[in-house]
Each structure stands twice: as structure tokens, then as C-alpha cells.
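Novice: Spelled out, the chains give:
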Amino acid sequence: MIAVAEQVLNGVQFGITLFLMAAGLTLIFGVMNLVNLAHGSLYMVGAYIAAATFNATHSFLLGIGAALAGTAAVGIAIEVVVFRRLYRRDHLDQVLATFGLILFFNELVRMIWGATALYAQVPGFLAGQVELLPGAPYPTYRLAIIVAGLVVGVLIYLLVMKTRIGMLIRAGASDRTMVGALGVNITLLYTLVFGVGAALAALSGALAGPVFTVESGMGDDLLILAFVVIVIGGIGSIRGAFIASVLVGVVDTIGRAFLRQLFALVMSGFAADSAGPATASMLIYVLMAAVLFFRPQGLFPRENR
Amino acid sequence: MKIGRKGVVAVVALVALAALPPIALALDQDFYIDMFTRIMIFAIAAVSLDLILGYGGLVSFGHAAYLGIGSYAVGILAYHGFGNGFLQFGVAILASAVVALFVGWVSLRTSGVYFIMITLAFGQMIYFLGESINLYGGDNGLNIQQHSDFAGLLDLDDSSTLYYFVLAWLVLCLGFGWRLVNSRFGMVIRGAKSNERRMLSLGFRTFRYKLLAFVISGAIAGIAGALLANLTLFLSPSVMHWTRSGEVMMMVILGGMGTLIGPVFGAIVYLLFESLLSGFTEHWQAILGPFLVLVVLFSKSGLMGFSGRGGGAAAKSNA
Amino acid sequence: MPDVLLETRGLQKHFGGLVATDDVSLAIETGELHAVIGPNGAGKTTLIGQLAGEIAPSGGQILFAGEDITALATPDRVARGLARSFQVTSIFPEFSVLDNVALAVQRHAGHSFRFWADARRDAGLRRPAETLLGELGLAARAGVPAGTLSHSEKRTLEIAMVLAARPRLVLLDEPLAGMAPEDSKRMVQILSGLKGRLTILLIEHDMDAVFSLADRLTVLVYGKAIATGTPAQIRANDQVRHAYLGDEAE
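Chains as they are written, first to last, in my numbering: chain Z, 1 to 305; chain H, 306 to 624; chain V, 625 to 874.
No lab work stands behind these hints, which were simulated from the structure alone.
Do not rely on the hints blindly, as some may be mistaken.
Stated by the list, open to error - A few chain H residues that face chain V, going by a derived Cβ cut-off under 7 Å, partial list only: (1) Arg414; (2) Arg484; (3) Asn487; (4) Ser488; (5) Phe490; (6) Val493; (7) Gly496; (8) Ser499; (9) Leu505; (10) Ser506; (11) Gly508; (12) Arg510; (13) Val600; (14) Ser604.
No experiment lies behind these values; they were computed from the predicted model shown.
For each residue, glycine too, the CB sits at the ideal point set by N, CA and C.
For reference, chain Z alone in the conformation it holds in the complex (with noise of 0.2 Å):
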């Protein structure tokens, strides 16, 4: 049972991961109209700024400032130089042009801080373990992860919902044409929208450098992960977003600790071993043809079109 909630939790941690990363995707697609493939490497030059921060530093905070505000600054070159001419485009050569980004960026992290992994070590203050319940401790960190990810979860929807600047994003959603009419600089409302998207990658990814391994291509699946997410929860919509990612954190994360074990009780070890990953890989995509199949629109679709 302990086992069991213990995953649980893990699956919620992983979640939160996914749910900030989604977050982004979700927000600028939803007001931008914009498919983003590189968002994965946003998130990964967060965990490695992060990483890299931390080890020359050795302070947790500064690391995370840094990969914040480099992170950022990345998303906006990238916003400015690039993005701002696929606005406009169909969604296809958004797709192609972020495509050739992953590429590009995959390949700078090896350039400049080689092809092995990085080292990121989770901080003195946050290591160890937390007794949630007597006899069934937790390590802090992951913890940590998912405090935090609620909180900014939390922070995104007041943001989105209840402040003028959400108000707007949610206006430049539904009509461009209008809130720029409304004399509203829509340029550099995207631009903020696209910041705060690469924020919130840049996040995800510094801080789960210690939990998953910081290394080239280390937001990829990831990403791929995130959009079902987002599919499944219904593009534009946070709220979405958080159940989906949870849902399918957990799914996976269970899956992936007992599967294996599951199957070996009606077949042999040997094709346990293989059915059980497997399937286990195969579980959230499942879930997401399943979603789709009776809600194309996904759980929370958005009502104007």
C-alpha cells in the first residue's frame, strides 16, 4: 500500500513536471495560435542553465534565477527572430521551423557543454526525506517539485483569469484583429505570452535537472508528452491542462512500477519483462485515443470559435 502511494505521489510529481511544460504550450497556442516543438528545448536549456549555475555557485536560488531569466531571454530571441514570422503561417511550417530549432538547440547544448550528461544534484536544504505519514517517508525534493508546481499553478490561473493583462491575453486569443484595434500593442503581448511560456519551461526543466537526467534532447519526449496532454485536456485551457497532466503522470508512473509485476502473475518472467514495459509505454497513449474517441474537443474545450 505504502509502495503503491508512494508512486502515486511520484506519478503526481511527474505531473507537475508535465503540467508546467503544458502550461506554456497550452497558453501559447491558445493565444497565439502557435505549435511550439521547440518548447522541449526550452525546457531543457533551463535544467541545464540551471545545473550549470548551481555547480559553478552552489546556490539553488541563483540557479534557478539564472536558468529563469536565461531561458527567458533564449524564448524571446527566439520569439523575436523566428517566431514572429510564423504567426501568420499555417500550422504545418510552424511545425517544420520549431522542428529545425530542436535540431539546432540539441545540438548547442553538446557544443558547449559536451555530450556526457550533466551533473545536477539536488540542494543541501531540500535533500533527505519528509515523513508524510509515520513509516512512510518521502524524499523532500520531489515534494518540493510539487509545492511548487502547485503554487505556480495557482499563479497562472489568477494571472490568466482575474488580473487586465490576463484579461487581454484571453482577448487576444479570441480576436487579434480586435484587441489591436483596442490599441494594444499585440505585439508585445506575444512576446509577454511567449516569455512567460519559456518561463515556465524553464522552470520545469531546472527543477527537475536532479530528478531526470540533464542531457541533450532531455525535453523531446517530453514535449511529445506535454501535447497529448494538452490534447486530452482540451487546447487553451489550464485547468485542463493540470487534470490531465496529473492523470496522466500517475497512469504512467504506475503503469511503469507494476506492470511488470502484474503480467508475471499470469505469464512467464521472461515475457513480463517485455510486456510489461510495453505496455506500460503504450498506456497514456491509449488513454489519449480512448479521451479521443469519445471527446475529440478534449475534456475542457474551449466554447469560443
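Once you've looked at the hints, dock chains H and V against the given chain Z.
Specialist: Coordinates of chains H and V only, in the frame set by chain Z:
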């Protein structure tokens, strides 16, 4: 059927390809034969993608999965002692078609960016599947002991024989593709790309046509996969990685989508460029990446645009 | 007693708080040209959308030749003989004019799972398409890309495509919209020639055309059908005058 500019270009290209092996052998540059065999295999994959992407407007970002399935069909059968080429290729086509049927059936319920993401996700799913089945090498891959045996008629061990075998398939696919896109079926697919709403209002249940096109496209990519297995004699899930799908798509765009012969040139240029660059520096992807970005930003109709018949980009997708 | 080809019973459509179609019950008789008129925003296009199968009604029924088609998708309705033209021209701009009509013909000239024969050489498609273009005065433009046609020519092509389906009933959504006067007149002639051969539900703003063509009219205001009758009856109807026609109608 009138042979326009495209037809002339195609014939010239195919004749040039046919002439390559003797020239390469004469110049003592044998490795070009294998290199161009590989290029032609990806050309077949690119042509198959063009059918649904260029003509159908279906941005399938998981096409490399079918290459993988075709390869694995050959490899797995060979592993279990079934070396018969007819069987292997038959299974490769069938397996790819069946998977494409399933993936298409779910994915085509959506459109626009959802479709792109879902095909991408399914492609990854199949990649992970390949990685996790340890029996067939999993992550490390699996050697294939022998080439496909076509009743002893073909010695695919010989580079030139394999080359011409692949070339024959390329010609076949181009010919079939050409008839397909100009047939009644092709007109429905192209109509659906041009104006889906109108097609529905004319009474066409577009879903079933798109699904069939998707299946055909996947099956042809499966053939390319079976050929690839014969070339490399090695099975690896990396051929199904989503970045491979991206590369095949780039070949289509680079060459000019919606032209069938364009993607052949796209494959040639892309793979030669990659080969050239990687010989130049190990960090060639840092050059290729921005190059691709520039191509997308500044050139809509690809290489075929220069020969007068551009591809025409897919209409802005609606989510 | 003329039989009813297309019927709606208590048709409703609301978008959140907005009622676009308010309990509309229509009975279109076979062979008639029935016009639906009303001020902008009255819900005419929403009505056509529901009849064509693009918009799902919130309530009520739609019957075609006695069969309940409320839940049927658009292609299935077309298969039963219900065709529709769009207010904003919807054609295949990259295809030639002939190809546009040929594709429309294709749906009803055998099946489309043919993968080898060149569709452009299919006489079963070309001849009916050429005939239709001839009837509508577009024969000279058969070979050009449809996107290069003038606005009026495009509207005419749209009609050609609708007719290629040999429908029993056509829903025409403002066919005269944006047309120059001479082209308008020609279109009215075409529509007039179709009367009797087809049943037509026509949405139009051009009152001259409407009153000269229509056998009967229905007036739609704020989603509600406030009156149905012959042109004379409608002209005399006080409610209609007040709501829509004003004092211009004589």
C-alpha cells in the same frame, strides 16, 4: 495522360539513377551505390508521405513508424527462420497497413494541430514499443542474418542488385502514386484538402477516403522499411524516432509537396547535404537546424517551385 | 393535395443565451420555390445550417420526404437528394471550372474507389459537367482555375455544382449576393427555369427577385417564423410590414 514538365523531370531523374551503379563501379566509388540505395529508400518513404501530405493535406508526423514496422516485419521473420522474401514483404505491407488503419481511424477524427500531435504521439508510442521488446533487441537493436530470399531469383547480397531492386520499387511507387492522385479516388482526396466543407456538401463521406489514403501511404512506407532492413541488415527502433518522421517531412517540403517527384529530389538533397555536413563537422545539426528554419521561412514551394510547378502549402488548419 | 418534401417541426437552436431558431415549423411543398426572408441576424443562415446538417438543432425535428433526418450528417442528406449552396462561395479554387463540376458529378456517377483510371478523361464525368456548364453560361471558362473567376461567375459555378448532384431539393443561401445587375438577372432567369424541376428553398435579400420568383414566402424575425404565405399575402400582412418591409412594399 499528358507528360508535363514534371514527367520529363521524373524520367530524367530515374534514368540518371539507373545509370549510377555502372558509373560508380567504373570510377571505383562503390560506396555511392549503397548511399543512393539508402537515399532511394527514403525517397519511397517521402513519396508515400507526399500522397497524404501534399495531396491530402494530412500532416502525419508519425510516418517513420511505418518504416520501422516494415523493417521489423522482415527482421522478426528472419529471426524466427522465415527468410522468404515474398512472405516478409507481404507481412511488412500488411502490418503497416493494419497499424495505419488503427492510427488513422483514431487520428482522422480530429484535424489541424490535433491531428499533427496525435500522429506524432502514436509514432512515439510505436517507437517505445520497439524499444521495450527485448526479444528483438530492444534498445540495442538486432542483427538480421540474411537478406530476403525471393526464391533464389535475386541475390540481394550484391549491392547493385539491391540497388536496382529498390529502384524498381521506387518506379513502381511513383507510377502507382501518379495514377492514384489523378484517379477518382485521388480527386476526392485533393478535393478534401482544397475544401473539406464543400466535399461534405457534395455528399462525400470524406473520412473513409482519407482513411484509405492513410493506409495506402503507411503500406508504401512499410515497403521502404522492408527494403531498409535488407540494406542495413540491422533492426533498430531509432528508425522510428519522431525526429526521423520530421526528416521525412522535410524531404517532402524541400522537394516540393504535392508533386510526387519533388520528394525524390528532396530525399536526395537532404541526405546528401546531411552526409556532406557530417563529414565537415560533428556539429552538423547546428547548421542543418537553422537551414531548415530558413527553408521554411523563405521558400514555400521547395525545389519543384523552380521547375514551374510548386506544391502549394496546406491550408491553415483549424483546431 | 401537394405533398411536403421538407418539413421542420418545432425547430430550435440556441447558442448559450441567444435563441437563433425559435420554434420554427415549415412545410416546403414538392416543386415549389419557397423563399425565406427576414432582416439581418434573423437566423436564416443558422436555419439553413440545420437543414443541411452542419449545425445540430437544440430541439425539434427535420423531415425529408417523410424521413426523420435530424441526426443525419451532411453527406447522408446529400445522398437523399438535399443539396446546398453557400452564402460565401465555396468551390475548389485550384481545380479548373470543369473539374469542380466533374467532382460534383462524380458523387452520383458510380463510386469513387477507383484508383487507376484518369478521372479527367472519364466521359461519364466530363460530359454531364460540360452540359451543365453550357446551360449556365460558363462553358467558355471550363479550363481555367476556378479561383480566377469573377465573383458572379463563382456564384454561378456554385449553383452548377449544386445542380450536378441532381438533387430533389436545393437550399440556396443568398445566391445573388454581391452580383452585378446583369448577372443577377441571368441568375434569376436560371432559377426561374429550375422551378418545377426542383424544389427550392431560397434565402435572399433582393426583394425584387424574391417576389418575382417565389411561390410562397416565410418571414423570419429573431429566429421566429412570423408569417408564411404567397407573395400577395405577405405583402398585405401588417405584422410583416411592421417588422421588415416597412412602407416600401407596394
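Novice: With reference to the structure, classify each hint as holding or not holding.
Specialist: Now for the hints, and whether the structure bears them out:
Restraint check, H/Arg414 versus chain V: the minimum CB separation of about 13 Å is more than 7 Å; hint violated. Proximity of H/Arg484 to chain V holds as hinted, the smallest CB-CB distance being about 5 Å (cut-off 7 Å). Of the supplied interface hints, the one on H/Asn487 holds, with its beta-carbon coming within about 5 Å of a beta-carbon of chain V, less than 7 Å. Against a cut-off of 7 Å between C-beta atoms, the interface hint on H/Ser488 holds, since the closest Cβ of chain V lies about 5 Å away.
At about 5 Å, the closest approach between the beta carbon of H/Phe490 and any beta carbon in chain V falls short of 7 Å, and the interface hint on this residue holds. Interface hint status for H/Val493: upheld, as the beta-carbon distance to the closest one in chain V is roughly 5 Å, under 7 Å. Contact between H/Gly496 and chain V, as hinted, is supported at the beta carbon level, the nearest pair being about 5 Å apart and thus within 7 Å. A cut of 7 Å between beta carbons decides the hint on H/Ser499: the least distance to chain V is about 4 Å, and the hint holds.
Residue-level restraint check for H/Leu505 holds (minimum Cβ-Cβ distance to chain V is 5 Å; threshold 7 Å). Using the Cβ-Cβ criterion of 7 Å, the hint placing H/Ser506 at the interface with chain V is satisfied: the shortest such distance is roughly 6 Å. Because the beta carbon of H/Gly508 sits about 3 Å from the nearest beta carbon in chain V, less than 7 Å, this interface hint is met. Among the interface hints, the one on H/Arg510 holds; its C-beta lies about 5 Å from the nearest C-beta in chain V, closer than the 7 Å criterion.
A cut of 7 Å between beta carbons decides the hint on H/Val600: the least distance to chain V is about 23 Å, and the hint is violated. Proximity of H/Ser604 to chain V is violated relative to the hint, the smallest CB-CB distance being about 20 Å (cut-off 7 Å).
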